[in-house]
Amino acid sequence: MQENSLYFAGIDLGSTMTKVVIIDADEAIRARVESHTGAEHRRLANKVMEQALEQANLSFGEIAYVVATGYGRINVPFADRQITELTCHARGVASFFPSVRTALDIGGQDAKGLKVKDGKLIDFVMNDKCAAGTGRFLEVIASTLSLKVEELGSISLKSKNKVSISSTCTIFAQQEVISRISEGVPLEDIVAGLHSAIASRAVGMLRRLKIEPDVVFTGGVAQNIGVVKAVRENLGCEVFIPQDPLISGAMGAALLGKELTLKALAKGESIQRGERRLAEATFFK
Amino acid sequence: MTEAGSQGLSRVKEIYQDRSHRVKALKAEGKQVIGYYDIYPVLEMLTALDLVPYRLLGDMSEPITKADTCLPTVVCPFIRSVMDLGLKGKYDFLDGVVMAHACEVAEKTAHIWRIYLTPAYAHFIDTPHTTHAAAQKQHKELLKDFKKTLESFTGKELSAERLEQAIRVHNQQRTLVRELYELRKPDPPLVSGVETLQVMVALTSLPVEEGNELLRQVISEVKQRKDGPSLRPARLLIWGSVIDNIALIDMIENIGANVVMDDTSVGSRAYFSQVELTEDPLDGLAYRYLVELKAPRTFRETVLSETGKKDYMTDLENRFGYLGDYAKEWNVNGIILQAMRYCDIHGYEVPGLKDYLGNIGLPNIYLEHDYSEAALAPLRTRVQAFLEVIG
Amino acid sequence: MTDEKKKRAISRLKTMYPLRALIDGMYEQAVEASKDGKPVAWCMVNWWGGDVILRTMDVAAVYPEDYSAVCAAFGAAPAYLARSDSDGFPTHMCGYARNCLGYAAQMKDLGEIPPEAPMGGMPKPTLLLSSGFFCDTRYKWFQALGRYLDAPLWVLEMPHPGVKESRMEGVREHNINFLVEELREFIAFLEHLLGKKMDWDRLEEIVDDTIEMNRVWHQVNELRKARPCPMHSRDFWSSMPASLYMAADPKVTTDLYQKMYDEVKYMVDNHIGAIPEEKYRLAFAELPPWHSLGFFNQLAERGWNFVVESWAYHPPKPIDLSKVSNPLERIANLTYQYFSGYFEDAFKVGDWWGYFAHPYLEFVKEYQCDGIFLHPLLTCRTATNHLLVVQDQLMRKLKVPSLVVEGDIVDLKLFDPADALRKAETFEETMSHYRTVRKEMGLAW
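Taken in sequence, the protein lines are chains A, Z and L. The numbering of the first sequence is my numbering, which starts it at 1 and goes up by one. The numbering of the second sequence is my numbering, which starts it at 286 and goes up by one. The numbering of the third sequence is my numbering, which starts it at 677 and goes up by one.
Hints in this document: simulated from the structure, not taken from any laboratory. Accuracy of the hints is not assured; some may be wrong.
[To be verified] Once the Cα atoms are required to be at most 16 Å apart in a straight line, the calculated EDC-like pairs of lysine to aspartate or glutamate come out as: (1) Z:433 - L:845; (2) A:210 - L:763; (3) L:784 - L:763; (4) Z:422 - L:849; (5) Z:639 - L:763; (6) L:1089 - A:176.
[Said to hold, decoys possible] To be clear about the criterion: a stretch of chain A counts as covered by chain Z if any three or more of its residues have a C-beta under 8 Å from a C-beta of chain Z, and this derived list gives those stretches: (7) 85 to 93; (8) 122 to 132.
From a predicted model like this one, the values you see are computed outputs, not experimental measurements. Backbone N, C-alpha and C define an ideal beta-carbon position, used for all residues, glycine too.
Take these sequences, add in the hints, and give me the full structure.
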């Protein structure tokens, strides 16, 4: 098998969003697809994979290795291997920033802290129990304020005098917000305070690891400029943001697939593939 | 339902599924069964009077309902489960209970159990918290008190001879358990973490001599089997609060590891120290059940340096050095620290233990759960990621 | 409601103020002692045994469990809690412990008392004195402090017999012996650490003074059985710390309690209550919401007089020690009496949780309470464990209802006074109802 004709796919089936990335042997991105996960993981996984293949103008058989990651990784019947999002995000973030040592990933439903060394995950911490410090917090707040989640970041940047939201719990924070509104506090100050709160919660989790530069902030919430600012302030150091924060998991998955394949080839072993059932799972019909 | 002639591991699995089957049969024959929890009640004193010790365990799959009337939700879910089962009548077959001051909630529940379940016989052993000379002396006095109420309850004398005999049989069980644990040293281990736990649970459900016989069968079977655990890169030790259900270890092993050693109370903590036969047997028992038993609920002082100051790393070495030894002996390459939510005893240990393990270069991860099967799902990703890190 | 009426909702005893002030100086004293190179101990409350020894040997004591409550009240706790969280201590554990661990971590990093620490902070200790009383956190927390402090730790043991076991022959004796020998070992440890010998005469005096202090303080609380009750729980909580924290010479404290006795006696003789109109007499368990004590003023306006509370803080029932001469035995007896003083009553009625839970049955009878306010705490298991049993027993045996309002020792947002007040309104009907029930049953109140 010629190495330069190899392609690798990574699929990150998150609780909110699913992302697929196809790379070639030079690690260039040939396809990038994102979609809301919804409830039917298997059907959705098949669908986004097909979309990605179409984008890359490839057939499924041309993919040398598929790695699935994310919350729903066990629901990807065509994957050759499933690897946790922790390991995959570490790998993906390291491909964007080779000097990364600490990464913070805030997704829709959870938050993760990663320690990385030479592109490999060496330690981690996770928050998947508590909404505060995750994208969910922002959704609840946006809903309370009748705003779109996407608007929150720019609104927060307008603040000159952010309020302190002291609640560590999303429900209590909501109550605090309502109180502040009735007190006549400007909207941007409340929103900025909330961004501080989510940053504080997430960084608090991150501090359970020894924070070392370079620090990278990734995941869906890293697209919110208000949270980015708050994280930078809280950490008091330079924080790097990938151009495409959503795909660090899928990218890492694809890269790990490449690594596994090349390792096998170098040893002269056959590549351990999965069953690769890309056809629609029958029991969903 | 026990098959006639069922032996070894298949008998173990039967007992694991239906723990109280054997003791109920023994009761029908006229034996008396005394319930206890944790590892501080002195079992030899029960065996010596022909009482069958039966360890109270919880049920991870049973939602806690009745215990809410007497134990708040912010306490150990295992003890809550035990209390819940008691209130639901699952332990009505017991003739009595003996409980000890294993931890704060265990102590308080001993009193609550007596109030709400009115056992015919109950005794509380106020096991001291330290190994001070005064504490050791007190512990012996406490065992003398226990002796009195047992004699009163059974109408028999707890003679030194009877006690010595019981000590020998219980020591025999400890030796056999060690033998079984030796079979976890090869790579792959000859017996899995799940199977070992099932054996441990089975032992807590049988009179000691029957347990010994079962152990001999298991050891022999395991030595000869060809269908043992497969080779996996990760060899783990699991530390922490009581594990009485295979769900967690099963999950860990299925993800791709062999759990080859434990430091938990339905495990090595209960068996890895012998009782020394002393002229007054109570001396050996008092010493073993307070000083020899290694568990975080017992406070051990660090020998002070000449400056009168404490050295943190020396303190950690004194408290946790035995884990480093286990890791070496069982060739462990990763440690799972697990504790139940609201377990103070284990919770406070975690940072120090992580410091110690970091110092000796043993990768480790801390998992917190609340003693329910639902609680295990979020742990799956963490365990897998940990295996990816050490892999 | 006029301001004047609000101010007079609870008549505070004049003699409470100097007692409360005794504790305020505790932190400053410790910092000064430390600056002078004198030994300082961080202590858990140990119900006198350890404290009398420290005082005799001139060791200044501060109490982290009090300090954490101070941090919580001053809003300084969140920063220390965050530090303890990031150092890996599970968040379900005692808020006081976590606050203190965070504080110690900061102090270690800075090499000095954190500048923003309230009340001047706690200085670096020469030793840690913990105890095995009631709660596992007590000694595990202090053990965990070894991560940040190099002070040696002594854990003072305390027997916790069961009710039945305590009545067996020889049990009281071996428990007292245990306490005494523990104290002896502690003294030997201190002598070695401090390089000085115990002054036994001085110890004897301090022990006697401490026993006397508790006797007088107990008398004060007996007076509260009067109707109307002359002394509200708020005054108890303000005056109690002087008896548990050895911040002053016990002679001084005794004198202040004696003055309080005189003031309260006067009120009893003249039928003066702590609140204008005592409609309901309440008990309280277990730890008060220290940061929100003003809440009780609002209840007082509704006629709620809190007449007895917090068993763990109460002085022991008096005990005849005339035949016990050895000071260590005397103080050991006092401590043991504190723990097991209600065991005889409990044994008589077959109630097996003789401390924490059973005393409330006695309290409620003796102080004629219409209800009990139960305050479960999220991170203090020790002060929460018994509340369900208390609730159940009080209703089953004495037809006294409970009002349950949750809170926490350091997360002050968990206590919602507005919500509690709403519940209080409904509870008044419940209390009135059960008064009738009790009368029908022939109970005295």
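Results for each hint:
1. Z:433 - L:845: Holds: residue 433 of chain Z and residue 845 of chain L sit about 10 Å apart, inside 16 Å.
2. A:210 - L:763: Between residue 210 of chain A and residue 763 of chain L the Cα gap is close to 10 Å, so the pair holds against 16 Å.
3. L:784 - L:763: holds, 13 Å
4. Z:422 - L:849: With Cα atoms ~13 Å apart, residue 422 of chain Z and residue 849 of chain L stay inside 16 Å; holds.
5. Z:639 - L:763: holds, 11 Å
6. L:1089 - A:176: It holds: about 11 Å lies between the C-alpha atoms, which stays within 16 Å.
7. 85 to 93: Held - the region 85 to 93 of chain A has 3 residues with a Cβ nearer than 8 Å to chain Z, which meets the minimum of three.
8. 122 to 132: holds (count 6)
Checked against the numbered hints above, the structure violates none of them.
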